[in-house]
Amino acid sequence: MMSDKMGNSGLKGWIYLLPAILFLGVFLVYPLIDVFVYSFEEGYNFTSQTFWGTGLYNYSYVLHDPYFLQAVKNTFILVIVTVPLSTGIALLISVGLNSIKPLRNLFQTIYFLPYVTNNLAVGLVFMILFQKTAYTDGFANLVISWFGGPVIDFIDGPYWAKMFVLCFYTIWVVMPFKILILTSALASVNPDYYKAAQVDGTSKFRTFTRITLPMISPMIFYLVITGFIGAFKSYSDAVALFGTDLNAAQMNTIVGYIYDMLYGDSGGYPSYASAAAIILFFIVLTITCINLLISKKNVHY
Amino acid sequence: MKVVLENLTKKFPSRDRKNREDVIAVNDFTFEIPDGKLIGLLGPSGCGKSTTLNLISGLLKPTSGKIYFGEEDVTKVPAEHRGIGLVFQNYALYPHLTVRQNILFPLQNLKGKDKLSKEEMNKKAEEAAGLVQISELMDRKPAELSGGQQQRVAIARALVKMPRVLLLDEPLSNLDARLRLQTREEIRRIQRETGITTIFVTHDQEEAMSISDMIVVMKDGVVQQIGKPQEVYDNPKNLFVAKFLGTPPINVFDASVRGGKLYIGEEGVLEAPGVTDQECYAAIRPEGFVLKEEGAFGCELKALEVMGRDISLVIKNSASQNPALRAIIGSDTPVDVTKKQVRFELKPQKVFLFDRETEERIFC
Amino acid sequence: MDYNRLERSSQRKQRLVRVITYIFLGLWALIVLFPFYWMILTSLKSYGAYNSEYIPKLYTLSPTLENYVEAFTAVPLGRYFMNTVVFTVLTTALMLVVTVLAAFAFARLNFPGKNLVFVIFLSLMMIPNELVVITNFVTITNMDMRNTFEGLILPSVTSVFYVYLLKENFEQIPDNLYYAAKVDGTSDFKYLLRVMVPLSKPTLITVTILKVIECWNSYVWPRLITDDENYYLVSNGIQEIRENGFGRENIPAMMAAVVVISVPLILLFLVFRKKVMEGVSRGGTKG
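Those sequence lines, one after another, are chains A, B and C. For the first sequence, this note's numbering assigns the number 1 to the initial residue and increments by one for each residue that follows. For the second sequence, this note's numbering assigns the number 1 to the initial residue and increments by one for each residue that follows. For the third sequence, this note's numbering assigns the number 1 to the initial residue and increments by one for each residue that follows.
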């Protein structure tokens with residue numbers, strides 16, 4: 001009877017799992033294998049679904065494509081600028097939040113708002129704030145003019161100005177998550193540690209660097225790692241600011257390059273897209289491994 | 001260093017929205033702690049003993065009253081300048097630092113003329129570690145230590161700056177029963193060796209009684225009684241103190257005094273010369289009963305617990321609401337288990353009378 | 001040492017630190033709120049008024065709702081909106097069904113190969129979306145499901161992480177409840193519906209909120225799979241409006257559309273503030 005029940009339950013388990021397995025199989029596992037296949041199929045034709053050879057040509061094409069190189073450059077700048085800056089500012093804000101009582105909930109609620117907004121929609125607002133048109137220099141230039149600076153077109157102007165807006169908007173978008181995680185990490189440090197430090201006459205600065213930081217270091221590294229991964233995959237923020245033709249705006253990201261290869265005016269090349277996707281995957285993998293190695297050395301616990 | 005508390009009071013703003021009155025955690029506490037003694041602050045949870053400790057440490061500021069270390073008024077001195085060592089209930093050892101780094105931590109904070117060289121610091125840390133006998137654990141992390149060892153590290157960290165006063169907050173409550181016995185002897189030894197005035201907080205009366213030079217019994221922010229453990233035990237000032245000290249707990253009866261004699265129920269059990277006629281409580285320590293055929297006090301015998309050295313008689317009397325009163329007698333006393341009724345003679349010094357209303361002691 | 005002076009100076013220092021802290025926090029709050037203020041402000045300015053302000057004004061004295069009328073009439077904003085609602089509701093509902101069933105199998109049932117499958121599930125969590133989107137695009141195109149709700153929804157349903165989250169939650173329900181139900185003759189499915197689902201409501205709400213946010217903001221997949229306006233979601237709609245709608249320069253109308261699109265999620269957030277924040281801190285990064 002027992003074995004009967006087991007057998008029954010065995011089949012039942014698989015039935016419960018079936019929908020999940022079907023969805024994952026078709027839309028996650030199969031594509032994962034397929035993307036590697038695509039990336040090695042040379043001269044794939046989307047309409048006839050034929051190709052004339054296999055090899056590394058797709059990779060070589062992508063790696064020599066100036067648009068791809070531009071995208072890689074943009075992505076790296078974005079990563080290097082936004083991850084440390086956003087984590088640092090988030091840490092400052094969280095420390096500030098943890099040190100106050102009145103208005104704390106209000107601030108926390110406000111800071112979280114970017115998380116629940118549509119990136120594309122608010123990106124449009126940022127574009128308008130920074131754009132210089134025939135009718136107006138825009139709000140950003142108004143602020144600059146208060147300080148006596150020159151008028152800059154942030155959306156259709158010089159590369160650094162566009163990069164600045166992109167980084168600024170990216171930081172604006174990723175802050176809520178970081179503030180949330182760091183505030184709860186800070187709040188979970190046992191107050192006895194601070195009392196002990198106070199009795200010993202530890203200065204505020206030393207308490208922060210020698211007690212608080214080590215205690216929350218796991219969370220900081222978690223944020224750095226997810227921050228790197230997220231920044232490497234950024235795309236829609238750039239679309240929101242500079243429109244869908246990112247190559248023309250010199251503002252494409254790696255992920256943007258992949259989608260452009262797949263679809264749109266320059267699209268129809270799934271093989272190139274696959275090769276680019278796999279290159280991205282390995283970049284992210286490498287960076288994440290380096291991060292993990294560093295964090296092993298520096299994170300306590 | 002003697003520690004003097006003068007009319008010390010601490011009020012907290014009420015968190016209850018309906019009742020805006022302040023919560024008085026410590027109420028008008030006056031006490032002089034003699035130099036070099038070990039003092040136990042004792043009371044049930046919420047009685048204000050931890051608040052008192054935090055006031056002495058300087059982590060909290062008193063609402064009114066004064067604190068002196070020796071002749072110096074330290075009421076306004078911030079915690080870090082008071083020269084105290086503080087050991088927390090959960091030890092608060094920095095988990096990312098080794099034992100050595102933990103002990104060195106307070107020394108590294110010293111600035112200016114107090115600053116020590118590396119060698120001096122290490123020497124002091126080694127000394128403190130030696131004192132609590134953890135020298136061989138110096139390079140481990142707190143997570144690799146047992147609870148008892150962590151406790152020692154915490155004490156070493158508190159002692160390394162040679163504090164004027166050492167404060168311990170429930171130092172034993174995170175240890176298991178066996179370690180607790182061992183560690184409390186250890187605390188006693190360390191205190192004797194260093195001669196530092198030490199104040200510790202506990203809710204465990206046995207713990208406080210066993211190692212303190214003096215105990216302070218607190219309830220609802222008010223000091224109930226201060227004295228040597230044995231004195232307080234033998235001479236409780238009120239019913240609360242009598243009930244709080246002693247295991248098994250004291251037995252309380254509804255009683256009355258009529259014509260200089262104490263009656264429990266209808267039995268006149270003891271002479272009470274000079275006490276005016278009144279209804280009162282009679283509290284009898286378990287060791288205050290002597291089994292005797294012709295004793296004046298009769299009880300119903302419910303059970304017998306043999307505990308090696310002693311026998312504990314579980315008894316019942318209609319004058320007490322407690323259905324399982326306990327009398328302790330020597331194990332060499334023969335007891336007839338088949339009997340339903342037993343009779344006792346009472347030792348007068350183990351019987352205390354308390355006022356029905358105020359629960360204050362009535363002295364004969 | 002004069003401790004009275006020491007105390008006063010440390011109090012002064014503390015007050016200064018507090019003031020700086022509030023200024024700093026207020027500044028960031030301003031940076032966060034300003035775009036929201038600007039979009040509402042602009043959406044209330046008339047087309048003419050907006051374009052005549054060479055130096056943008058920080059307020060308006062003659063607010064108008066005409067841009068909102070324009071947003072719903074000149075472009076099919078209502079349609080984008082409804083599409084997104086349908087997409088969000090169906091995707092979230094399907095995800096819940098699939099996830100609950102799978103989590104139940106992993107948490108409660110015993111069957112050969114369970115551990116192996118679970119390990120495979122966990123390893124799937126690490127696969128970035130960018131890798132699989134290419135083949136999914138080809139698959140959906142070949143199945144002729146471009147510009148359909150099926151094409152939009154089906155690849156967005158599964159989320160391995162939610163299965164994992166829910167499984168952990170299910171496992172905290174004491175085994176004894178299950179045995180008690182079994183003794184009473186309750187079937188597994190009924191037990192799942194009547195006991196486990198109600199007991200796991202907090203986690204289910206968390207998962208639902210996270211998925212709704214994800215759906216409402218999804219842009220990449222809908223962009224790939226739809227080029228018929230009738231199937232645009234709000235993100236794509238906004239992009240379309242930006243590039244082709246209203247005649248390029250009607251910015252107040254664009255902002256009205258942006259406000260309309262942003263309001264539902266913000267309301268959801270303000271109502272379920274605690275749940276959303278708790279869910280996000282458990283449930284990982286955006287997207």
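Keep in mind that the hints are not guaranteed to be accurate.
Stretch-level coverage of chain A by chain C, calculated; a stretch enters the list once three of its residues show a Cβ under 8 Å from a Cβ in chain C [claimed, not checked]:
| id | stretch |
| --- | --- |
| 1 | 52 to 58 |
| 2 | 78 to 84 |
| 3 | 95 to 108 |
| 4 | 155 to 163 |
| 5 | 247 to 253 |
| 6 | 280 to 291 |
Straight-line alpha carbon distances no greater than 30 Å define the calculated BS3-like cross-link-like pairs of lysine-lysine that follow [stated by the list, open to error]:
| id | chain 1 | residue 1 | chain 2 | residue 2 |
| --- | --- | --- | --- | --- |
| 7 | A | K101 | C | K182 |
| 8 | B | K302 | B | K292 |
| 9 | C | K167 | B | K111 |
| 10 | C | K167 | C | K275 |
| 11 | B | K61 | C | K13 |
| 12 | A | K195 | B | K261 |
| 13 | B | K113 | A | K195 |
| 14 | B | K76 | A | K195 |
| 15 | A | K132 | C | K274 |
| 16 | B | K37 | A | K195 |
| 17 | B | K161 | C | K13 |
| 18 | B | K124 | B | K37 |
| 19 | A | K101 | C | K167 |
| 20 | A | K12 | C | K182 |
| 21 | C | K275 | B | K11 |
| 22 | A | K101 | B | K11 |
| 23 | B | K76 | A | K101 |
| 24 | A | K195 | B | K302 |
| 25 | A | K195 | C | K13 |
| 26 | A | K204 | B | K123 |
| 27 | A | K297 | B | K118 |
| 28 | A | K297 | B | K141 |
Since the hints were derived computationally from the structure, they do not count as laboratory data. All figures in this text were calculated on a predicted structure; none of them were measured in a lab. Ideal placement from N, C-alpha and C gives every residue a C-beta, glycine not left out.
Hints and how they fare:
1. 52 to 58: The restraint on the stretch 52 to 58 of chain A is violated, since only 0 of its residues have a Cβ under 8 Å from chain C and three are required.
2. 78 to 84: That given contact is violated, which follows from only 0 residues of the stretch 78 to 84 of chain A lying within Cβ reach (below 8 Å) of chain C.
3. 95 to 108: holds (count 7)
4. 155 to 163: The restraint on the stretch 155 to 163 of chain A is violated, since only 0 of its residues have a Cβ under 8 Å from chain C and three are required.
5. 247 to 253: Violated, because only 0 residues of the stretch 247 to 253 of chain A bring their Cβ atoms closer than 8 Å to Cβ atoms of chain C.
6. 280 to 291: This one holds; 3 residues, not fewer than the three required, reach chain C with a Cβ under 8 Å.
7. A:K101 - C:K182: violated (50 Å)
8. B:K302 - B:K292: With Cα atoms ~17 Å apart, B:K302 and B:K292 stay inside 30 Å; holds.
9. C:K167 - B:K111: Not OK: C:K167 and B:K111 at ~54 Å, beyond 30 Å, violated.
10. C:K167 - C:K275: holds (19 Å)
11. B:K61 - C:K13: holds (18 Å)
12. A:K195 - B:K261: violated (56 Å)
13. B:K113 - A:K195: Holds. B:K113 to A:K195 sits at ~25 Å (cutoff 30 Å).
14. B:K76 - A:K195: holds (17 Å)
15. A:K132 - C:K274: Given pair A:K132, C:K274 is violated - Cα atoms ~40 Å apart, limit 30 Å.
16. B:K37 - A:K195: Cα-Cα ~25 Å, so holds.
17. B:K161 - C:K13: holds (27 Å)
18. B:K124 - B:K37: holds (23 Å)
19. A:K101 - C:K167: Violated - the C-alpha atoms of C:K167 and A:K101 are around 37 Å apart, more than 30 Å.
20. A:K12 - C:K182: holds (15 Å)
21. C:K275 - B:K11: violated (36 Å)
22. A:K101 - B:K11: holds (20 Å)
23. B:K76 - A:K101: Roughly 24 Å between the alpha carbons, so the hint for B:K76 and A:K101 holds.
24. A:K195 - B:K302: violated (52 Å)
25. A:K195 - C:K13: holds (19 Å)
26. A:K204 - B:K123: Roughly 27 Å between the alpha carbons, so the hint for A:K204 and B:K123 holds.
27. A:K297 - B:K118: holds (26 Å)
28. A:K297 - B:K141: holds (16 Å)
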